[in-house]
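Undergrad: Here's the letter readout for the chains.
2 protein chains.
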Amino acid sequence: MDVVDQPSVSEERQSQVDAVLERFFTLSKNRAAAFGPQYVQLWETLEQNTTGGKRFRPKMVLTAYQALGGTDLEAAAYIGAAFELLHTALIVHDDVIDHDFVRRGVPNISGSYRDAAAAAGTSERVAEHSGISAAVIAGDLALFNSYRLIDRSGVADVTRARLLDVMDEALFASAAGELIDVDFQIATEVPRVDDILTMERLKTAVYSFEGPLQAGAILAGASEDVVHTLGDFGREIGIAYQLVDDLLGVFGLEEETGKTTIGDLREGKRTVLIAYATTTREWPEIEGLIGDPDLTDEGAARARSLLTSSGAKSFAEGLARYYANRGSARLAEPHIPPALRTELDPVADAVLGRVK
Amino acid sequence: MDVVDQPSVSEERQSQVDAVLERFFTLSKNRAAAFGPQYVQLWETLEQNTTGGKRFRPKMVLTAYQALGGTDLEAAAYIGAAFELLHTALIVHDDVIDHDFVRRGVPNISGSYRDAAAAAGTSERVAEHSGISAAVIAGDLALFNSYRLIDRSGVADVTRARLLDVMDEALFASAAGELIDVDFQIATEVPRVDDILTMERLKTAVYSFEGPLQAGAILAGASEDVVHTLGDFGREIGIAYQLVDDLLGVFGLEEETGKTTIGDLREGKRTVLIAYATTTREWPEIEGLIGDPDLTDEGAARARSLLTSSGAKSFAEGLARYYANRGSARLAEPHIPPALRTELDPVADAVLGRVK
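The listed protein sequences correspond, in order, to chains F and B. Counting with the numbering used here, you get residues 1 to 356 for the letters of the first sequence. Counting with the numbering used here, you get residues 357 to 712 for the letters of the second sequence.
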């Protein structure tokens, strides 16, 4: 093979993970065929909702693994794929909880089943029921199989048990974060900045950064020190990522993020931006705008302007930088191999780069 | 210890399973405490929704296991507890799908969270959201940990892998059954008798009978023949159980079943009773009564009378007997040890005995 045709390291990793997921879904669809075409269709819908993403969590697993000298790319791809399925399960059920039928502008599982039922002539209530049912079931299948992929990775006993512990911690934390998030949505008072950071860390950062990085390190046979430090790095960087995500949800460019910048404002989503704003004199006017499902583009523009002039935007940006820098500082610790530092420093930059 | 104080075999089995679940929940609540009191409360609610049942699935595991010569009661209790948690997960999410806030007359997870939120003064919509959210999250935790308990059973590699396969099949089938059930609820036409039997088998019988019996046999190191026959027995008896359950849902005594006998009629639940009735001349009148949420006691009595005179009741009873007898016949096969036959024959009788 000509050297020009060599895939990059990152492409090779990605294609290994894709291959594991493709095999898993092919196998599942074949099994499902014995139960009828509608079950195959559910698996196809689940597959569509798993593919097309950035494969962010597998990337974390494989980056840590290879930078720490791991060479069994296939085993690592299984672990990466397991975290990807966990991610799918969590967002699918998160959408059930939030009664969302659309994600990033495209119908999610609930949405596609609801729309199909509505097109078949059912009432709106029945169509929504059909959509939510499919999403509950599909999320269960994804969740169960996230565990299963680790089990099927071929990784030997002690390591497999530790990987399952990491996965367990990830789900345990995420469930806690989700529960706190629901409480926040229900509470009339806006939570404090640090409570929002805790919730976001639990709900997303643990399973997206800490867990995958630690899993990659464990699989590579890294020392406890390294595993521990990677967890710390993942926590800091994961919080930074969430802060940036919330900023993009209000100030981002839709064409870049694929996400509307009015949804969070209309929902009145509890973010650090909003928690900070409550302490400023702009709050009464902001409060009158956000959380209104009919908020106009003009109203949203005014809210953005107030979130900027109140200092909320620059506070959140500064906090994101602070956490990203804290993350990077952990990589400077002497027991972190230079190769790992070289691989992960760009991650910290990339997290911040999204708002630059 | 005096011989009189010796617990019965069945009580000893039950207490071992209870002990595993109690340890699991204590551990989980201790872990949850680090995330705040509301997370501990969710685990407590999940525990309440797991205990108090008949421990039916663990009984199947332990019966097969001990009758086939298994002696590691603790390992078997872990496997039994795993199926109990799977059961909890499935009914909790089934209630989410059906938008049910009550199960057997008592608030379920959604119900208790909804009621607490309502008592705190939130709107009905917000209170229901809180309830459903808690149930989605709690079901996820139960589902994930059902797998985890098998992993933690201490069972060695090859056997553990086979047990995980059985659990996987159970969830895979149950998800398919649930999906078909949702389709049935949405469809305007009443499904055929055999389609309902297939759905009920997949949704409930596989994880309640086939899976637990096979798991017990695998754990005991039984031959493939025995594992296979137990699966067949479980399938037949599981279908019989569902038929009886549907009969009790309409004709049972509430004080015995703990289940209202008007709910299924008001819901217009698709059962073999109803599927049979569609082919009789009583159908137009039955159709006019069932599926009406405001069906009166008098209307329900009339529906019961019509389901009886149409022959639907005796058809369903006969079919239940037929499946139970087919199940018993499998136990007569020569490779089934007499001890196992002695233990399982009463199960078939008990299934039928519920309608006697």
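What the hints contain is simulated information worked out from the structure, not anything from laboratory work. Given the structure is predicted, the values throughout are model-derived calculations rather than measurements. Treat the hints loosely; a few may be bogus.
Claimed, not checked - Pair ranges (Cβ atoms, derived):
(1) 161/F - 429/B: 48 to 56 Å
(2) 429/B - 188/F: 31 to 39 Å
(3) 118/F - 635/B: 52 to 60 Å
(4) 123/F - 430/B: 33 to 41 Å
(5) 195/F - 379/B: 25 to 33 Å
(6) 479/B - 102/F: 33 to 41 Å
Said to hold, decoys possible - Negatives, chain B to chain F, calculated, CB over 10 Å:
(7) 445
(8) 449
(9) 504
Claimed, not checked - In silico contact screen, one side only, chain B against chain F (beta carbon under 8 Å); selected entries:
(10) 381
(11) 383
(12) 514
(13) 532
(14) 542
(15) 546
(16) 549
(17) 550
(18) 553
(19) 618
(20) 685
For glycine and all other residues, C-beta sits at the position ideal for the given N, C-alpha and C.
Undergrad: Hint by hint, which ones does this structure get wrong, listed from lowest number up?
TA: 1, 2, 3, 4, 6, 7, 8, 9, 10, 11, 12, 15, 16, 17, 18, 19, 20
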